[in-house]
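Kindly generate the complete structure, drawing on both the sequences and the hints.
Here the protein sequences line up with chains S and B, keeping their order.
This note's numbering applies: residue 45 is where the first sequence begins, and numbers increase by one.
This note's numbering applies: residue 104 is where the second sequence begins, and numbers increase by one.
No lab work stands behind these hints, which were simulated from the structure alone.
Hints may contain errors.
Listed next, with one range per pair, are the computed distances between beta-carbon atoms [what the hints assert, rightly or not]:
{"hint": "1", "chain 1": "S", "residue 1": "L162", "chain 2": "B", "residue 2": "L255", "range": "19 to 27 Å"}
{"hint": "2", "chain 1": "S", "residue 1": "K169", "chain 2": "B", "residue 2": "V568", "range": "25 to 33 Å"}
{"hint": "3", "chain 1": "B", "residue 1": "A474", "chain 2": "S", "residue 2": "K88", "range": "54 to 62 Å"}
{"hint": "4", "chain 1": "B", "residue 1": "H204", "chain 2": "S", "residue 2": "K88", "range": "37 to 45 Å"}
Heads up, the beta-carbon is just placed ideally off N, CA and C, and yes, glycines get one too.
Each chain, letter by letter, is given below.
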Amino acid sequence: MLKTVQLRKIWKPMVAVALLAMPLIGHTETPEEKGLAIFEEADKRGDGYVDSKSGMLMVLKDKRGNTSKRQMRVKGLEGKGDDGDKTLMIFDTPKDQKGTALLTFSHTNKDDDQWLYLPALKRVKKIASKKKSGPFMGSEFSFEDIGGSEVEEYDYKYLRDETIDGQKCFVVESYPKDKYSGYTRVVSWVDQEHYRTLKAEFYDRKKSHLKTLVATGFTLYNDKFWRPDMLEMVNLQTGKSTVLKTSDTVFGSGLKSSAFNKNALKRAR
Amino acid sequence: MNKIAVAALAMLVLSSPSYALFEPLFEDGTWSAEMNGEWRYFNDPGEFGQSKSAFSYSAQAEYYVDWNDGEDSFTFTPFVRLDQIDDNRTHLDLREAYWGHVGENWETKLGYTRIFWGRTEFLNLVDVVNQKDFVEGDTTEKLGQPLFQLSLVHDIGILDFYVLAGFRERTFQGEDGRLRAPIVIDVDNARYDGVEKNNLDLAVRWSQPIGDNLEVAVSIFSGTNRDPRFDFNYDLFDPKLIPVYTRMDQFGLELEYIYEGWVVKLEAIAVESPVESYTAAVGGVEYTFDTVFDSDIDVTLITEYLWDERGSDSAGFFEHDVGIGTRITFNDEQSTEILIGGIIDFDTNEALYNIEASRRIGDSWRVEILAMVVAERGEQELGQSVLEIANSLANSGFTSDAISTQFAIDLLSDIVEEKGLLFLFNGEINTYGEFVETLQQVQRLADTDRKLSILESDDYFQIEVKYYY
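Here it is as structure tokens:
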């Protein structure tokens, strides 16, 4: 669900090893257990990416079809031991925001830490975790969609099997445990072969359908990690949409942890 | 700005023997730039006859290059402003020109740069590494400071050491500029008292998150006080304030506690200098209502208290004031933002309000509108004797030279008691008016309870159009 939506998860996707997957699911398994097992497996298949970097183009489209673009670069470092994953996102455009950078430390057992660097003021500001449901750079992605999450942050429920675009999927519902999440539930279509989230539907606090995400153009990196080239988030309530295109993705380029601290945030280019 | 240093740097870099050494600087670098057209319109003509409206243009370019896999980098950021009416505001500065090197758990910077310390919104007391570029109008603008910085990154925090070389004097508005002090500040003849002009200043700062919600920083600064005191030249026909720089040691504390939508912030300083020792603090809370009325809009309410132990003797404007503000972030495609703020002194009822709004237009333009209103400004009570004026001037925080103060008191007393006022005026009646006016300005400076009256701060409106290249 969210997981794959989340950029961090885009870096941390699913192993190609087509295990016979979920037959493990025994007769006594409840829909809740099965839902959890699916996301645990998806998470496991993303393990071991070590680090990644890539370029991103975000295209925002309003309901009249006017578009505006944002370019950024993203670097990710896989967590070791108790440390969660770390992500650094650097903005190149719009030009008045050039050099703005967002550093995220995600945690399994508590709220993520996020810091934003404002180059004009040379100032690092911590982002309150309550802000996570707000839009990210004026796009249809929220901070929560971008920032990353862990399996433990949701409750799950397996609904059914369904085929979309010729791929057999598990349809799983998940419920954020965080009271500041902008969602009450998310329905995800996870393909049964590679455990990639192909589609997700987001329901807002009023339980009405807010957004739909579609991931396409999956590419296999390092024979192991699947990443979508394109994510499209459509807001059904406003008619606006955002397309996120990824390019030049490289795994295991040897990024150091020193590239993911507050000093690095200030010098990010 | 320090033109010699820039020229020297340029010559060093461009000379042929060193060209080989500096070759990486010219390969694969990237340029970016920001151009800014500004127009200000004041509600009234200046107190001293300055123009009601003024155009100004500024440009800042940035050249950046890195090599050795990003471990070394060079950043070059010159800045220029041209102002229609104020010669002092027309200026050049080297905002940045430094070589940066990054190691595994440390990094260094050598050259001109700008450093920010602080947490609060209305005033950053702890932020003393750079001199303020006061003529810019925005008090957060700073001049580039030549320095060497070593930063160590460790589990127990980030520890920064600074050696600051080449003190930068504060910029001040000129005679024809708006928002100036009633008596012109003589920026060409600044004095240094008990400190060398090119003193090496030292600073260190440790910062670290504690637990999940608290961020702490502690800093020590030892060197030339960035805030000058002022000496009056006691020349009633060509009155000027002379900036006097002294040394100081400052201990600074910064706290920021974030809990859900709340942020609690504090900055406190303790300062020791040959002329005074005092503490000052700014602290407050802010609360963010996000996605108000189911829109994408965030509304942040901010309130801070600004306090200075010296009270009205402090050279700053805020000694027991309350700051109240609202930041409205639209989170839209054009990054629209509105900031409304006010600073109110409940003792004197002085109040200053401003509203700022900005929005991007297309991909490369941004428009910013600002309006500043002085709702209540301390009025001067005239009618004191010259002796009283001279005395209160001597006792105010605005003079630093005890000998010349005494001299002035004696002189002014003599004028009044023995020789009569006309003694100095060569019989020209118009100069008498000037004399009285100067006395009134001296008196205004001396009445330090009414800080805002010191700045000739008429209401104004400003529009800025920025182009990013």
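Each hint, compared with the structure:
1. S:L162 to B:L255: 19 to 27 Å: 24 Å Cβ-Cβ, so the 19 to 27 Å window holds.
2. S:K169 to B:V568: 25 to 33 Å: Taking Cβ atoms as reference, K169 (chain S) and V568 (chain B) lie about 26 Å apart, which means the hint holds.
3. B:A474 to S:K88: 54 to 62 Å: At 57 Å between Cβs, range holds.
4. B:H204 to S:K88: 37 to 45 Å: holds, 40 Å
In the structure shown, no violation is registered for any of the earlier numbered hints.
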